[in-house]
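Student: From just these sequences and the hints, can you work out the full model?
Position 57 of the sequence shown, counted from 1, bears residue number 57 in the numbering used here, the numbering being contiguous throughout.
Derived from the structure by calculation, the hints contain no laboratory data.
Take these hints with a grain of salt, some might be off.
[To be verified] Subject to a maximum C-alpha distance of 27 Å in a straight line, what follows is the list of computed DSSO-like cross-link-like pairs (lysine-lysine):
1. K47 / K29
2. K44 / K79
3. K80 / K47
4. K61 / K97
5. K29 / K44
6. K35 / K47
7. K44 / K97
8. K36 / K97
9. K79 / K97
10. K47 / K79
11. K80 / K61
12. K47 / K58
13. K58 / K44
14. K61 / K79
15. K36 / K79
16. K61 / K29
17. K58 / K79
18. K47 / K97
19. K29 / K97
20. K35 / K79
21. K80 / K29
22. K47 / K36
23. K47 / K61
All figures in this text were calculated on a predicted structure; none of them were measured in a lab.
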Amino acid sequence: MKYALLLVIGALLCPVPAKAMDAETFFVKAVALQKKGMGAVFAKDLKPMIRVFDEAAKSVKAENEAARAAGSPLFCAPKKYRLNAVQFISEFSRIPKERRQTQSVRDAWREIVIRRFPC
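Tutor: Structure below.
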């Protein structure tokens, strides 16, 4: 009984993975946030979108580091790089809508950094 209770408590405390967001949904929400200007700071979509993007970026970075260790990196970005909101949305808009609708945010970001920072 004690173990069952611990299992239930553990299950409740573990974060549940968010439903995967396709790149088109992410793009549409990003454009809407950009239109809000400074009001975007108070938007309820901001934090979930930041989480989705951070997870995607970390995954792509890890994939690139593994590829670099194997001798063939996917992209050669500088140690620190930053895109402003206009550049970020512009890069996502370069991916055709039909492809964004079937792509994950991770795959879209992977495509963007490979295109932006070729080796």
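Student: Starting from the hint list further up, note which numbers the structure goes against and sort them upward.
Tutor: Failing hints, ascending: 2, 9, 15, 20.
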